[in-house]
Every structure is written in structure tokens, then in C-alpha cells.
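Based on the hints, put chains G, P and F in the right spot on chain V.
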Amino acid sequence: MLLQQILNGTVSGAIYALFALGFTLIFGVQKLLNLAHGAIFMAGAFIAYYATAQGLPFWFALLLATIATGAISVVVDFVAFRQLRKSGHAEFAAIVTSIGVDLILMNIAQQVSNTKVLSFPFGTFPVKFFSFWGMRISLLQLTILGLVLVLVLALAYYINRTSFGRQVRAVSSNEHASALLGISAAAVYRQTFFIAGALAGLAGVLIGLSFNSIHFMMGEPFLLQAFVVVVIGGLGSLQGAVVAAILIGIVQSLTIAYLSSELSTAIIFALLFVTLLFFPNGLFGRAGNYAGGSRR
Amino acid sequence: MMSFYYSYQPLIDFFLIAVGLGYSQQLALRAGVFSIATAGFSALGAYATAILVTRYGVPVPAAILVSAVVGMAVSYVLSVPLARLRGAFQAIATLAFVQVVIALLLYFESFTGGAIGISGIPRVMNTGWLLLAVLVTIYVIWSINRTSVGRVFNALRQDDSVAASLGVPIKSYYALAFVLSGLIGAVFGALRSLYVFNIEPVDFGFHAMVASLTVVVLGGRNTLLGPIAGALIMAILPELARPLAENRGILNGVILILVITFLPNGVGDELVYWLRRRLRRAPKTMSKRKEGADVVAAD
Amino acid sequence: MSSLRIEDACKYFGGLKAVDGINMTVPAGRITGLIGPNGAGKSTVVNMISGVYSLTRGEVYLDEQQLTRLHVDEVARCGIARTFQNIRLLPEESVLDNVVIGYFRKQRSGVMSSLMGLPAALAETRRLREQAWELLGRFGIQKYADYEAGSLPYGHQRRVEMARSIAAAPRIVMLDEPVAGMNEVESAEMAEIFEDLARSGMGLLLIEHNVAFVSRLCSQVYVLDSGRMIAEGPPEAVTRDPKVIEAYIGGKADAA
Amino acid sequence: MKLSNLFATCTAMALLPAMAAQSDEYHVVVLQALTGPAAFIGTAVADGMRLAEQQINEQGLLGEGNTLKVTYADDATDRTQTMSLIARYANDPSILGILGPTSGAVAIAGASSGNQYKVPVVTTTNTPEVLDQGPWSFILTQPPEITIPYLVDYAADVKGVKECAVIGIRDIEAYVALQKQFEKLMTDKGVRITTVEQVGGTDSDFSSVATKIATSQQDCVFVSASASQGANIIVQLRQAGLDPATPVFGHNAFASPEFLNRGGAGVEGVTFIADWVPGGYDDFTKAFATEFSETFGHEADNWNAVGYGGMLVMANALKSMPEPTREALRDQLGKTSEVRVAAGQGSYSVDEKRYPHVGMNVLTVQDGAFVQAPR
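Residue numbers (UniProt numbering), protein chains in the order written: chain V, 1 to 296; chain G, 1 to 299; chain P, 1 to 256; chain F, 1 to 375.
One chain only, chain V, in its complex shape (with noise of 0.2 Å):
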């Protein structure tokens, strides 16, 4: 049962990283946290089911969530975002303004649903499951590991060997400097905002269907579970998101396995502040966290 469990708990922490390498990207970039990013990873489920119900293929209708998701968080970051980095009171507002976008995403999501709790119809993907050293893995399974890996190796070649990823840490660093240096922010916010709903939109379509479930409200516990992820990763930092992620899903999965499914909330929270208290920056993050007022 214990690779079983390590093995369930990777499948679920993929997944996770998915969600929280959007989440982490946006904060890389701007130092905000988006609260709507777990009603844009709503968003993804919700739009690959109703493509689906209109007949299309499966494999369009999570290209079409993907691309979609990307272009909502576009369109958040223009609505909740854009008028905040100029008026430059972002850290705070930035956090309702993104409730808001929230509140209203998922006002839609159940009314479109009418409250109702969705899923792919059987079939959507085909059930196989694979039996080795005792364990079992569908199929499913296999296909998101894989899929996170490619997408995860791409995303960090994106960002550490392209112009993209200078341009984002020019931007983030200093957002009038790098307008100096011809880089244009807005497009860069653009760029950010697009992948990070992209991935959350597919980490959506993927959980829906793996869990046989879409719902207005699942993107909560993931939102909750994200500020985890970076943290313990460190925030901004692409590949501690990765290796916290799967970290937390095995953590998770053992705890249930071998103390009680009710503790394993509060030993994931209890470990983020654990990790606070010794690794302010994370396991990955860059220093500069401390408060002021100590000789450094």
C-alpha cells in the first residue's frame, strides 16, 4: 500500500503543480497574489464539459479550455489588475479586487450549472488501469503525469532560455528600468497572465476528469492547497512549485494512509508554517523576505 499511496499522492501533487505554477508565476511577475486564480482553474473544467456536451472531441475541448482559461486570466488581470499596478496600492487591493473576480466567475460557473455538481460522460477517456509490483495506475494517471512533465519542461525552457524570461525578471525587478530598456511591461503581464490561466484552466479539465467532478466551488481547496505549493517552494520560484507540489501530494496521501484523513489538512498547513518560520524564502525562494530593523 505504501507505493500505492506515494504513487497516488504524485498523480495528485502534478496536478497541484500545474494549478500552482500559474499562481507563483503571477506573484514571480508582480508580487500579487490572485485570488481568482482557483475560479479560472474552475473555469477550464467548466468549459471543456459544456464543449464536450455540444459533441465536440475531448482533445479539442481541453485545447479549447486551455486557450479559453488563458484568455479569462488575460482579461482578469486587465479588469482586477491593470488599474492597481498604476495607482501602485497593489498589495492589498489586489486581494479584493481578485475576490471579486472570484465571486463573479463563480456566480456564473453556478448558475450555468445551476448549482449542480458535473462530469464527463463515462468514456470521455478510456478506463485501463496497469497492475505492476502490486500497484495500479490508470491510464488517466499515466497520461497527466506525462502531460505535466512535458508541460513543466517547457515552461522552464520558456522562461530560462527564451527572451520571455529575462523580460519577466527585468519586469519584475524593476517594471521603469526595464521600460527604459525597451522592454514592454504590458505585454510581458500579458504573456504571464495567459500562460498562468492556460495552465490552470488545464489542471482544471484534468481534475474534473480524473475525479469525476465539476463543480463551482473546486477551485477553492486548490486555491488553499497553491499557497502551500509556493510557499514551501518558495515564491516565484518555478521549480521548488514542482517539487513542493508533488511533495504536499505525497505528504497528503500518507498522512490519510497512516494517521487519519481528518489530520492531513492542519499537517499541511501546520508544515507551510513550519516552513516559514525556518525557510522564510522557501526551499527555492530568493532572499529578501525579512523585515526590516536587524543588522543583515
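Hints in this document: simulated from the structure, not taken from any laboratory.
Careful, some of the hints might be misleading.
[Unchecked claim] No more than 20 Å apart at the CA atoms, straight line, and that leaves these computed lysine to aspartate or glutamate pairs for EDC-like:
1) 286/F with 243/F
2) 171/G with 74/P
3) 31/V with 159/G
4) 128/V with 338/F
5) 184/F with 203/F
6) 116/V with 243/F
[Unchecked claim] Beyond 10 Å from chain F on every Cβ pair, some chain G residues (computed):
7) 68
8) 69
9) 272
Every residue gets a Cβ at the ideal spot worked out from N, C-alpha and C, and that includes glycine.
Below, chains G, P and F alone, put in the same frame as chain V:
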């Protein structure tokens, strides 16, 4: 007038509780502690009072006192790690605190009643007592505003290294702000449990956190009027939006975005600032501080 | 007479030797200058003394008291005040309140009396506001007392910051480029204030790259270049020092 | 709002003016959670009540052209709003009683308000604590101590289970109460509870819990959750390799077409207790099922049936009042006896503790449909 009061009494009482919790949230924010722990403090206060009153027959005033002490003690302990963090990290740490509190309330079922919570709490609070509690809170914060503690809090919020350079022991003052926030949060949590008959962990979850934060950000972070204005909006909004039925959530969302975007200091603070400017009859600004001025000069 | 001394002080950032083994004395009742081209490490010295940076090596003393390992607020409570090179006021507070906060070290009323709004605490606030008002007069910015500090022009913001730093009558005050951006007349006003302060027994450290201004006021001048002390002595001697001339001519053109 | 709901409301409203002029108009409020976490119950209950309202007025069930006027209100599953709304409705003398609030803490708070303002409130929930608040509050669904014995008797006596694992949703009190009662009564019967797992109300990933249970020893699993979440848990249990011979039990929330749609072949053989036998089992219940699906475009579920019954119970009390006052309504609600409803075994009565009794059915899933469980 009386019939208006009877029709809207619960609304008024909940408004007063929201104002109290708003001040708890505001105290932390105005001292520059980006805490969203108020929901957690109010959970501790509510449960302490509820358990003492229903299980052990402790008199209500003593139970409230214990809640206050619990709130102060926990917030003090929490302030130590929190002082090492900044901004969004403080927000996330306090969020984690609230989640742990809720998870433990669910887990220690024999003591806390688990998901079902605690019921049969005597309803001893009424508008008068709640109003008194709010007035006392306002007096304390008004005193703070007029004396050195308030000046230090303002300095911490705007630039804590400046405060340190003037000799302010900033960690102690951060802790002070946080302990006051914990005290007020726990007391109003206790009062709330003595009003609503039963409490359960979900009352203090994510939505409670968002609610107190919203009250302060909508109303204002710095002035006495802030939480009052914020709580008033939050109390009236569901009533105004009632005809919209299922679309209320959308309206709430739109209003949050609009207020923050166009009145970034919050409705209450903006009003106070506007009045001050009127009274002083001074021009708004002389000249904008040069953008990037603090970036160019580097040693 | 008390004095601030730093001995063999070093600050390395990784491989970069920002300040490398300097010795310096700031005596009470005098004006001491610290000059050097941009990037010489002047502000690093201020940050080392005031407790923002820990020293890689060396010690800081105020008379016999060791300050080396004290935190920023503890250093300030020993009576060492400073201004910041890039001006750091509390932008949302009024000019007057920015100066009132400067009296923190001298306040007598406690936290409890503040929370309860006791008369003593309120009276103290009134008194401090009056003192701050007078101090603003001394710096010639009384009429801006009610303005939001962030809205003042640059030069006036400097004056507010200086008023704040000397409010609590520190033993030593370090002024980082106090007359940057001021014209001749304004600089002269400031010079007068500085001389008054020194006469009253305060020790002043002026961090400047305006050599002329420093020469006029200071009894002793230290010259820093690339983290090393290249010259020290009375201004007339220092300004003739070939190493100093080379550092300035070879360094930034805007130095003079 | 769905179009069909809108249509139903319009029909109901169109009928009102034709009859209002003649005689008494009884005004009640349906105060349910139409939004927020309990909306999946509240909206379904309100739909059931809408259908009943329409029929009561069409068929003149209140007698002599009396009409029923119903105001529908949403408390958003928010205690503040419930208490405010009840205060307001209590202050409106034309309103005789309130059907709501829906469940949990909101229902208890609503019950307290009802007693404070002396207005009858009939909450949807099954929590006896609502009754403890005073004589003005009622519950519409049977408390666990009445319903769970039907299931426990079946599991222990008919199926002969000896060891049972339990999975429940931790943040919906009604489900927690059912789960506790199940654990208690099973233990009383000598059945060992091997493990109790609690999951969140918005969780969807149960793979770890499922693996834990599927790989341990027990001869029964009890799932205390909503239809969709329960089906999801059971499907994931099966996917984790739960022995197909292990019986899976649930409670009345599973009595919804949702459960079948959601679980498909995965929920075959699941056994549970139900207020409502989907599709109906006699003329009355079949007629309700038909009318409901015609009106709302989908099949009736457990909560639709409960809501429908609730409005009929209210109408019965209104009809029997000697005079149209709140006191009279309260007294009549407390005397409810053998009202024909669609839920349970069809006859709704209230005992001296004001506990409702309407009976329970034990159902099982066979070939993708609900049937009475074989004894």
C-alpha cells in the same frame, strides 16, 4: 422607527459584530502587519466562551475575559514568527494559522463538537451590549490615534526601517499591534457566539477571513470611520442586491472591484481625507514626487 | 566630549569589498565630512554605523560603548540619528507628524497610557507637536506643516527629514547628502543650522560629494574611494592631496 | 434561474389574480438556501415546493377559493441573512409561517429567530436541536435516530456484516449526524467499525482514502455524502480495487438520479435508505414524479420530494386552522397527522416530540436503476 429597528435588528447586530472584527483586522493592517488572522482569533474567542459557558457553567463575563486572554496569548506567540516575514508572506502565514485552527476544531471532536460545533449557547448579547463593546473599541483606537502608539503604527506601515532608525523597537510594536488585533478579534468572536446560539468551524473559514478583510479594504485601513463604512456597505449590499436573486454574487464582485480601483483607500478613509482637505483648504498636492527618484540614486 | 569611532571596519558583499578597513572619528561639537565619488561606499559606512549592515570585520564605538552588534533601533536609542541618501519620509503623514515621530526616543508616556488615552499621553502629544512646529520654523518650512510629506518638493523633503533626525537631540547625527539639489542660498541656510547644532554640542557627520560645501564647514574631512580611505585631515590639506584630486577627476565628472 | 423554473413561477403567478379576490389568502415564505454551500438542497426543496404550491392553488386544496401566496427568498446559506430575513418577515403581519431555512447552523439560527419573534419556522433539516429552540420551530426530515435503524437493521440482519469502514463528508452537519448515528447503532449491534475517514465537502480527489480502504479488511463500507460526491467516492473505491463483493451502504442523499448518472456501473449494488423512491411506487408518487419532470425538465430527486411534502404539510396545517393566526398555524403543525406526501412510505405524521415520521425505504441499484432492496 421602532418597527424599523425590529425588522432590521439582526442586521444591525451583525453590523456591530462586523465593525468589531473589522477593527481587529484594521489594527494589524494599519501597523503594516499583513495579517488575515482575525477569523482565527474570533474562532478561538468564540469556542473558548462557548465551551466555558455551555460545558462548565462559567459566568458569561468571566468567559469573555478568558477569551480575551486566549486571543492575546495566541496572537503574542504568533507574532514572533510573523515578525520575521513581510507582506504577502505574512498573509499566507496567517492564512495557514486560520486553516490549522479550523482543522483542529474539526479534529478534537469530543472537545469542540467537530463539524457540528457547539450549540445551546445562551443568547445574552443584544444591540446594547454589542454597541457598548464597539464604543469601547473605538475609544481605544481613538486614543491610539492621538498618542505615540498610533504614530509608531503609522510609521511601521509606511516604512519600518525609518521607524527603526528613530529608535522604535519595531518587533515589539508589531507584536503590540498583533496582540491588540488578537484581543479584539477574540472578544468579538466571543460576543458573536453569545448571539448566534451555535458555532461551528465553517463559520470561521475562508469566507470569514475574506469578510473581515473586505470590510477593512472597502472601508479604509487607517481611519476610525473605515471599518464602520466597510461593515455598513457589507451589511447593506446583500439587501440592495436581493432583487437580483442569484446574480448577487456578480454585483458584490463588481462593487469590490470598482471601489478598490477608484477609491483605493477605501470609502471611509477617502471620505475622512476629503473632509480634512476641505477643512484645511490646502491645495491637494504641490507636486508629484518624481517617479523612480528612489531608484536612480544608488551608492 | 563624546565621539563616534569606527575601527578597521570592513563590509564585503560576497566578493565585493564595499568598505575595506577604514578608521574614522566623529567628535561631538564638530562637523566632520565624509566625501568621495559616487560608489565610494559612503552610504555603506552610514548603514554600518546605524546597524543596517553587520560588519564583516571591525568595531563601532560611541565613547566606550560598543555598537557593532546592536540593531538599528538600539543604535538609535544610544543617540545616533541619520538621514537617508534617497530621503525616506512617511509619505502619507503630514510634515508636522513626520517630525513628531522623530521625538520617539524622548517620549515618556507608556503604551498603556496611550491605549487608554490618559491625559498625560495626550498632553505629551500636544507638547511634541509644539516643539516640532518650532523646529519646522528653524528649517523654514513651517508653512508646509499640514501638507502630506510625500507631496513636497525634493529640497523641502530633505529639510523635513533633517528636522526629524535632530528632533530627539541625538549625540551624533549622520546627514547623507543634506544639500543635494539645493541652490547656494539654501545651502548657506543649512550650513548655518549645522554650525548651530555643532555649537550646541552635537557631533555631525556630513556625507557629501560637494567638496566645496564640506570644505567650508568641516574641521576634519575623510575621503573614501572604492571602499578605502585615501585621505584624511583638515579640508585645505585634503583638497590639495593628489590622490584626492585624481579620484575626483578620474572618477565622476559631476563630483564637484 | 433555469427557464423551466421561470415558467413554473410564471404559471403560478398567472393563476393568482384569478382567485385572489374571492377569499382568504394565506401568505407563507419559502426561505431556502438558493445560493451558497447548501444551495444543492435549498434549490431542490424550493422546486418541490413550487410544484406543490401550483397544485394546491390549481386544485383548491385550501378550500372555498382560499389561495396560497408564497414568497420565495434566498438566505445564501448565510446565518446573518437568515436571521435578518426572519426578523423582517416576522414583522410583516400578513405572513403566517416560514418554510426554511435549509440546514445546519443556519437552520438552528433560523429556529432561534422564529422562537424569538414567535413565527412558525419549518426547517428542512433533520437536526433535533432545531426543536430544542422552542415550540415555534419544526423539522421537515426525520432525524437520524428514526431513519438510520432502517439501514442498520438491513446491513446487520439481512446482510450479516461484521466489520464496516466509514467515509463521510466532515463539513455538512446533517451527513455527520447520520454517520455518527450509523456508527453508534452498528456498534450497538456488535458490528465493528474498522476505520472512519472524513473528507471535505468540496474535495474530489479521494484516491488516497480509497486506496487505504480498498487495501484493508472489512465486509462493508458506509459512505455518508451527497449523491454526486458519494458516487464519486464509490467509483474511486472501485478503481482502487475494492473487492466487488463488499457491500456499500449510503443514506437518503443517494436517492437521486444524480447518483446513477454520476456513478454509472460503479455504483451497481449500492444499498441505501431513501425518503423517495425514484419514479414513484404508487399512483400518488408516480403522479408527482411525472408532473415534476414535466414542469422542471428533469427527474425528481429526494430533496424535490421532501420539499413537495413540506408544502403539503404546510397546506394541511393552514387548512385546519380555526383562525388565520401564527399561533393556530403553530398548533396545527404540531398536530400534523397522516398527511399524504411523496416521501418515505407516503404518510407524514408528527409525534409528541415534534419528530416527523414518514418511514424509509431501503433501495439498491440494480441494472442502473433504483429498486427496493431484496430482503
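Results of checking the hints against the structure:
1. Distance restraint check for residue 286/F and residue 243/F: the Cα-Cα separation of roughly 36 Å exceeds the 20 Å cut-off, and the hinted pair is therefore not satisfied.
2. Distance hint between residue 171/G and residue 74/P is fulfilled; the C-alpha atoms sit about 12 Å from each other, no more than 20 Å.
3. Using a Cα cut-off of 20 Å, the hinted pair residue 31/V and residue 159/G holds, with the two alpha carbons roughly 18 Å apart.
4. For a cut-off of 20 Å, the pair hint linking residue 128/V to residue 338/F is broken: about 52 Å separates their Cα positions.
5. About 26 Å separates the Cα atoms of residue 184/F and residue 203/F, which puts this hinted pair outside 20 Å; it is violated.
6. Simply put, residue 116/V and residue 243/F have alpha-carbon atoms about 30 Å apart, too far for the 20 Å limit, and the pair is violated.
7. The claim that residue 68/G is not at the interface with chain F holds, since no C-beta of that chain comes within 10 Å of its own (minimum 24 Å).
8. Chain F leaves residue 69/G outside its interface by the beta-carbon criterion, the shortest separation being 26 Å against a cut-off of 10 Å.
9. Non-interface status of residue 272/G relative to chain F is upheld: no Cβ of that chain comes within 10 Å, the nearest being about 27 Å off.
In the structure shown, a violation is registered for the earlier hints numbered 1, 4, 5, 6, in ascending order.
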